[in-house]
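In order, the protein sequence lines correspond to chains A, B, C and D.
Per numbering that gives the first Met the number 0, residue 0 is the first one in the first sequence, and the count goes up by one each step.
Per numbering that gives the first Met the number 0, residue 0 is the first one in the second sequence, and the count goes up by one each step.
Per numbering that gives the first Met the number 0, residue 0 is the first one in the third sequence, and the count goes up by one each step.
Per numbering that gives the first Met the number 0, residue 0 is the first one in the fourth sequence, and the count goes up by one each step.
Simulated from the structure, these hints should not be mistaken for lab results.
Just so you know, not all the hints are guaranteed correct.
Reference listing, derived: stretches of chain A covered by chain D, where coverage requires no fewer than 3 residues with Cβ under 8 Å from a Cβ of chain D [what the hints assert, rightly or not]: (1) 75–88; (2) 93–100; (3) 121–134.
Where a beta carbon is used, it is the ideal one built from N, C-alpha and C, also for glycine.
Protein chains: 4
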Amino acid sequence: MKFSFKNDYSEGCHSKILEALLRNNTDQQAGYGDDEYSLKAKILIKEKLKNQDAAIYFVSGGTQANLIVISSVLKPYQCVIAASTGHILNNETGAIEATGHKILSIETEDGKLKPSDIQLVLDNHKNIPHQVMPKLVYISNSTELGTIYSKEEVKNLSRYCLENNLYLFMDGARLGHALTSEMNDLTLEDLSQLTDIFYLGGTKNGALIGEAIIINNQTLQEDFAFNIKQKGALLAKGRLLGIQFLELMNNDLYFDLANHANQQAMKIKNALLKRGVQFLSDTYTNQIFPILDQKLIDILSEKFDFYIWKNINSQSSAIRLITSWNTSDKAVDDFVEIINNHL
Amino acid sequence: MKFSFKNDYSEGCHSKILEALLRNNTDQQAGYGDDEYSLKAKILIKEKLKNQDAAIYFVSGGTQANLIVISSVLKPYQCVIAASTGHILNNETGAIEATGHKILSIETEDGKLKPSDIQLVLDNHKNIPHQVMPKLVYISNSTELGTIYSKEEVKNLSRYCLENNLYLFMDGARLGHALTSEMNDLTLEDLSQLTDIFYLGGTKNGALIGEAIIINNQTLQEDFAFNIKQKGALLAKGRLLGIQFLELMNNDLYFDLANHANQQAMKIKNALLKRGVQFLSDTYTNQIFPILDQKLIDILSEKFDFYIWKNINSQSSAIRLITSWNTSDKAVDDFVEIINNHL
Amino acid sequence: MKFSFKNDYSEGCHSKILEALLRNNTDQQAGYGDDEYSLKAKILIKEKLKNQDAAIYFVSGGTQANLIVISSVLKPYQCVIAASTGHILNNETGAIEATGHKILSIETEDGKLKPSDIQLVLDNHKNIPHQVMPKLVYISNSTELGTIYSKEEVKNLSRYCLENNLYLFMDGARLGHALTSEMNDLTLEDLSQLTDIFYLGGTKNGALIGEAIIINNQTLQEDFAFNIKQKGALLAKGRLLGIQFLELMNNDLYFDLANHANQQAMKIKNALLKRGVQFLSDTYTNQIFPILDQKLIDILSEKFDFYIWKNINSQSSAIRLITSWNTSDKAVDDFVEIINNHL
Amino acid sequence: MKFSFKNDYSEGCHSKILEALLRNNTDQQAGYGDDEYSLKAKILIKEKLKNQDAAIYFVSGGTQANLIVISSVLKPYQCVIAASTGHILNNETGAIEATGHKILSIETEDGKLKPSDIQLVLDNHKNIPHQVMPKLVYISNSTELGTIYSKEEVKNLSRYCLENNLYLFMDGARLGHALTSEMNDLTLEDLSQLTDIFYLGGTKNGALIGEAIIINNQTLQEDFAFNIKQKGALLAKGRLLGIQFLELMNNDLYFDLANHANQQAMKIKNALLKRGVQFLSDTYTNQIFPILDQKLIDILSEKFDFYIWKNINSQSSAIRLITSWNTSDKAVDDFVEIINNHL
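Isolated chain A, as found in the complex:
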């Protein structure tokens, strides 16, 4: 059995979550998110946000979070601006368009949007009413390329959006990894002040399912629960989401797990750097994209699963390695050993 570095959702969940599910299994709770675990988890999250006025909703996964958020805040003629690498553009089977909204794509080097990128889009959308109206800026942190936003960058985007009457929405499927990266200077509190909506991803960080949508802009909070129900995302046993986030938030388990994933990736990255390996992008989270010789890729493939991300030339490719909350030292060490033996 090969060890997989293909993604961060190939294992189950952190043992504390299973223990809590077991511990609370037989008590009767109100359905649809009104259980006491969900309520407590929301209180905990608000404390970390230092924002009692945030509204918090739990849903099952990232695509679901993205489509519910976007379809509920936009009017029919309004659209989304996203980096071309954005998950909503090419990895969600047109889920956003299926709710009626166009996504305008911007090419970037590192998967991150800048105000100047957005300005170009606005400049090209002035033929009213013949074009869609750009209204929501979608960013991912960490991005689909493993990169992260600095506080300064999010501040600039936030200011720009405010000035231009745009919403700023952060896809946080891997927000834990972003916020625990060694290069990070953002906090949850910052995000609660700087974005209109963002979410804390659980699925890719040790939960079975679950993303916590956090609505900071109060004008967007009203009636949000209707949208969750209408899209089929309101779990009868909301306790399943509540219990998980309660455990993840307790004692910052959420951040410990993400930090673990990042560190395992950094160990591999550093081993590769020492041997002079180049990377497709310079990342400090749990996704790394080393460019390796095909021979070495073949050797690694005997013991490990991972994606070939991009062909560089006839002899080498960038591969994508993703570590998780549960990636063991042994897996990392074995991988590094092969590297060291062959480079």
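Mind docking chains B, C and D on chain A? Use the hints.
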């Protein structure tokens, strides 16, 4: 703490499911439903259906199952026919209409549709192209009123739908309870032959989440997975659904749990019948609707939670009692004791 | 060739419209509704509304007007309340649901909604967030049964909607006929004060195509043009709509045409009343529904086209007769003569 | 008053259309496209197509035609492939996405798609079911850049689409101009054999409104009328569309008008070529894009309206000139005179 008869999803899940989640927690599995548990669970279900050509997909809940099935089989101008009590009509925040499709509502006595009901609708929809085209017949088994369909009734509907070029879709959120009712003569095999699509509800029968959509009509199977992904219903950790259905199908745990729920309800029903209590509808599943005096309702309310379903007159109301896979003998006995003491 | 009383759109348009089209045919105008005719027509309409703050948009037909208005003012989880006879419910191929919104249907005697009808719906929609949120009240004037609303009735609805945070939208496909009915006491000015949106129907009152949507509620005016374009309703040669409404508004031609239609219907109605004929509903506009013996229906059918509206018993049916802006005295006289000869 | 070269829909319609509207104004006709003019026009078009099995529907405009065709042939998870200059991408307010479908954009030099362009898209959409499924190829002829497809090019696309299970749909808003271009070798008969659906644009070629949608693929014909009605595009007075297309088809008026527009554009083009002017694209239809010095643009702007299309450098820009069915010799001569005087 009162015991709740409000619904069948107030507790967690059957202990075997938690044990299996624990047992398999750390093995790495393919994502998005390609894990080995999901594959095994599908094999088991197909065996029970005696239909190797069925296509099976797991999703999280009933509203999600309903909206995905309906939106993926209908063309934009086609609509649904449902009993006015149908869950999709008044309990899903317009989820079906949100995908673009009208639901035509038919008043019934017992929550069940008959061919003659549908014929009336077809007769009234002949003004082409100014009216929607009826195309899918939605039935629930057991119904939202706790009643069930007989084999003869489903056969008649099936034949009628075939003759009239309609799809027959059965909402099986409580299918376990229907199939284990003492009055039932339907089997999973029958349903696989008589319906185009139906689903096996897990959420209301001992799972944390999960409904198994079974597509019998092969022309409707093609590309179905795209719809699940597009609606945000494809879990990254599909193992969560696979493991649950594997446990539920093993040794027919699914039917044992439903049977338990039914029997607990029947105990209460029989106790009430002995005292001459009338019921809003004559049910043999885990939902009963006794008509009680307000005084007795008040007394019961001190120890039990349940819904007042319908005011009958100034002094009495029908209440709804729902038992579950986990309703204890003690809860039932305590309830019956109060009944016996006061009637 | 039989004369048709089937509808009010079987002829072309009033000659003044054709003359204006001819007169202005070769001048170059801005496209998409920015032509000078559209601008002038809007000025004229605002004068008649005595409301300079109204926003006015021209579209081609009634279904188009209905779907654009409703889809642009509702949020995804909000729905429409309408009388069961409402045109949007059963005569528009699910156009409203196709934009994602449910319509809640209310049975009425005369096609008109009352606050008490709506209150019942609101009372039954308190299970948040599991039900759609009623938000827009759709009424037709004249109704699909030929009846009209009094000023008092619209005032009551308007007040009720305001108190309950609902929008009031009047389908005015036959508004001309309503406002020129002998029983009418409403004015355009009233409607501009009492409704959030209404429209002035041209198609059924002497135009080739065209409905003038009038948005009184200023919060609903913003960006409305985007919706028109997105739904494919923004004509490149908006002049076609502008010229028509300019002619119809000039010297109140619009009202003269509707009045003519009403009077022709009343002539037939009065002739029938004299002979003791009963009617399905008591109407004073261009739609009448006399209940006639099948024999007489057969005789009339030799010279006239009309719809059999409803079977009353084995020997008699209600027929629907619709007169138009262009119904000649001769046609009416011929019809009345047959009546007089056979009753 | 300046003469406008901004577009081909700034005047009314050809006088024969107005004469026919006048001539037939008072006869009573069936509504919703069942009038005798529509029926006759369809017969005439089928003759020209040499395809009796085509299904033909008239709608008001191009955006309407595009959104109805695309939304009625695609399943929810299927998408469109279009050149980045395609009208549906940036000039229709997201009308296609509003029906739930993504458009994949391809950069081209001349606004025309090639099989190799499409192959790249297919190659990049193999991650089933996480990506939309490309299903319909949208091409415009003439294109938004004024270029046209050769018979060989359409044949290649048609074969490629057939082999890859894709639909081929041609936006023919300016099809008349394409088919009468001096470089054209396509016929209506060819298009009826080579495309699944295309339309004949009337609005930009001498009609008041109107596009004739021609469905060649018989599997796509079924129930199409429902879609037209549901999108609000079925005119009560369908005669308005029928009469126009009857006149346009009679004696090939449609092609004469387009030819006139092309020739007027070619006169200007040739005058500019003689003076050595460069063009943004090499066109032989009624759209030309000469690159002119800002000084000359200013001089021309005193007497003519046109769009500045693209800034080339600080001193020169490409302008867009569009001629129409009604562009007079005088307008062309005046324009050419200024050119000759200043170059």
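Hints versus structure:
1. 75–88: holds (count 3)
2. 93–100: holds (count 6)
3. 121–134: holds (count 5)
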